[in-house]
Amino acid sequence: SQTIHQWPATLVQPVGSPLSLECTVEGTSNPNLYWYRQAAGRGLQLLFYSIGIDQISSEVPQNLSASRPQDRQFILSSKKLLLSDSGFYLCAWKENRNTEAFFGQGTRLTVV
Amino acid sequence: DQQVKQNSPSLSVQEGRISILNCDYTNSMFDYFLWYKKYPAEGPTFLISISSIKDKNEDGRFTVFLNKSAKHLSLHIVPSQPGDSAVYFCAASQNRDDKIIFGKGTRLHILP
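As you go down the protein sequences, you meet chains W and V in turn. For the first sequence, the working numbering begins at -5 and goes up steadily by one. For the second sequence, the working numbering begins at 65 and goes up steadily by one.
Hints may contain errors.
Stated by the list, open to error - Example chain W residues on the side facing chain V (calculated, C-beta under 8 Å, incomplete):
| id | residue |
| --- | --- |
| 1 | Asn26 |
| 2 | Arg36 |
| 3 | Leu38 |
| 4 | Glu94 |
| 5 | Phe96 |
| 6 | Gly98 |
| 7 | Arg102 |
Unchecked claim - Below, computed lysine to aspartate or glutamate pairings styled on EDC-like, alpha-carbon distance capped at 20 Å:
| id | chain 1 | residue 1 | chain 2 | residue 2 |
| --- | --- | --- | --- | --- |
| 8 | V | Lys132 | V | Asp88 |
| 9 | V | Lys118 | W | Asp65 |
| 10 | V | Lys168 | W | Glu53 |
| 11 | V | Lys168 | W | Asp79 |
| 12 | V | Lys120 | W | Glu94 |
| 13 | V | Lys163 | W | Glu89 |
| 14 | V | Lys163 | W | Asp48 |
| 15 | V | Lys168 | V | Glu106 |
| 16 | V | Lys163 | W | Asp65 |
| 17 | V | Lys163 | W | Glu53 |
| 18 | V | Lys168 | W | Glu94 |
To be verified - To be clear about the criterion: a stretch of chain V counts as covered by chain W if any three or more of its residues have a C-beta under 8 Å from a C-beta of chain W, and this derived list gives those stretches:
| id | stretch |
| --- | --- |
| 19 | 102 to 114 |
| 20 | 118 to 124 |
To be clear, the hints were calculated from the coordinates, so they are not data collected in a lab. Just so it is clear, CB atoms sit at the ideal spot from N, CA and C, and this is done for glycine as well.
Extracted from the complex, chain W is given alone in its bound form (with noise of 0.2 Å):
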């Protein structure tokens, strides 16, 4: 069976620092994969997307970045946080189309 895997669950960091969010698809070869945040009070708004290896697409101008090292990886990463970037962090991936996605338990990040 399929799982994915999204870490770390929380994590606090400082004004400027940078970031790093690695998530991991098992048990499925070339999915489609996707970065979500959900903002306090807010819906679930979509950041990246990928259809496939070093395939990003970029859904909204901003401070992160997205990479795709391997076929069942997606990294979100930023080199200078912000205090907006603060948010609910979800990964999701999915196989073919018109199927449901499927998501990871998010990461809480916090800066300060």
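Position chain V against the provided structure of chain W, taking the given hints into account.
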């Protein structure tokens, strides 16, 4: 531009009655629609989906209705149970790029 809209931030329903959550979308290219349930500090879990070629899909207590001409879908939960209290997200995708766009969610409270 918000492509998927959930205009009710919250909804309270008596236990045992029907819960109806609504969702509107603006992009006529969307061809697949999903509902997710989310508890605090967890990733969303998939509930039910519907393809644009259908107008109804049922799974146990959950039924999703799609009205393409009105660009509207709804999730019916009957009978409502205490464990249904959560935030419900409507989402949509299109075959062209397979990115999944979420609404802002509706918080459902099931009253005893």
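Hints, verified against the model:
The interface hint given for W:Asn26 is met, as the beta carbon of that residue sits about 6 Å from the closest beta carbon of chain V, less than 8 Å. This hint holds: W:Arg36 has a C-beta 6 Å from the nearest C-beta of chain V, less than the 8 Å allowed. The beta carbon of W:Leu38 is positioned within 8 Å of a beta carbon in chain V (closest approach about 4 Å), and the interface hint is therefore held. About 4 Å separates the beta-carbon of W:Glu94 from the nearest beta-carbon of chain V, less than 8 Å, and the hint is met.
The closest approach between the C-beta of W:Phe96 and any C-beta of chain V is roughly 7 Å, which is under the 8 Å cut-off, so the hint is satisfied. Against a cut-off of 8 Å between C-beta atoms, the interface hint on W:Gly98 holds, since the closest Cβ of chain V lies about 5 Å away. Satisfaction of the interface hint for W:Arg102 is found here, the shortest Cβ-Cβ separation to chain V being roughly 7 Å, below the 8 Å cut-off. Straight-line distance between C-alpha atoms of V:Lys132 and V:Asp88 comes to about 10 Å, which keeps the hinted pair within the 20 Å bound.
Distance restraint check for V:Lys118 and W:Asp65: the Cα-Cα separation of roughly 33 Å exceeds the 20 Å cut-off, and the hinted pair is therefore not satisfied. Between V:Lys168 and W:Glu53 the CA atoms are separated by roughly 17 Å; this keeps the pair inside 20 Å, and the hint holds. For the hint pairing V:Lys168 with W:Asp79, the CA-to-CA distance comes to about 18 Å; that is within 20 Å, so the pair holds. The hinted pair formed by V:Lys120 and W:Glu94 meets the criterion: a straight-line CA distance of about 17 Å does not exceed 20 Å.
For the hint pairing V:Lys163 with W:Glu89, the CA-to-CA distance comes to about 12 Å; that is within 20 Å, so the pair holds. Note on V:Lys163 and W:Asp48: the hinted pairing holds, with a Cα-Cα distance of about 16 Å set against a maximum of 20 Å. Using a Cα cut-off of 20 Å, the hinted pair V:Lys168 and V:Glu106 holds, with the two alpha carbons roughly 16 Å apart. Taking the CA atoms of V:Lys163 and W:Asp65, the gap is near 18 Å; set against the 20 Å cutoff, the hint holds.
Between V:Lys163 and W:Glu53 the alpha-carbon distance is near 10 Å, which keeps this suggested pair within the 20 Å criterion. Between V:Lys168 and W:Glu94 the CA atoms are separated by roughly 18 Å; this keeps the pair inside 20 Å, and the hint holds. For the stretch 102 to 114 of chain V, the stated coverage by chain W holds: 7 residues have a C-beta nearer than 8 Å to a C-beta of that chain, and at least 3 were required. Residues of the stretch 118 to 124 of chain V with a Cβ under 8 Å from some Cβ of chain W number 0, which does not satisfy the need for three, so the listed coverage is violated.
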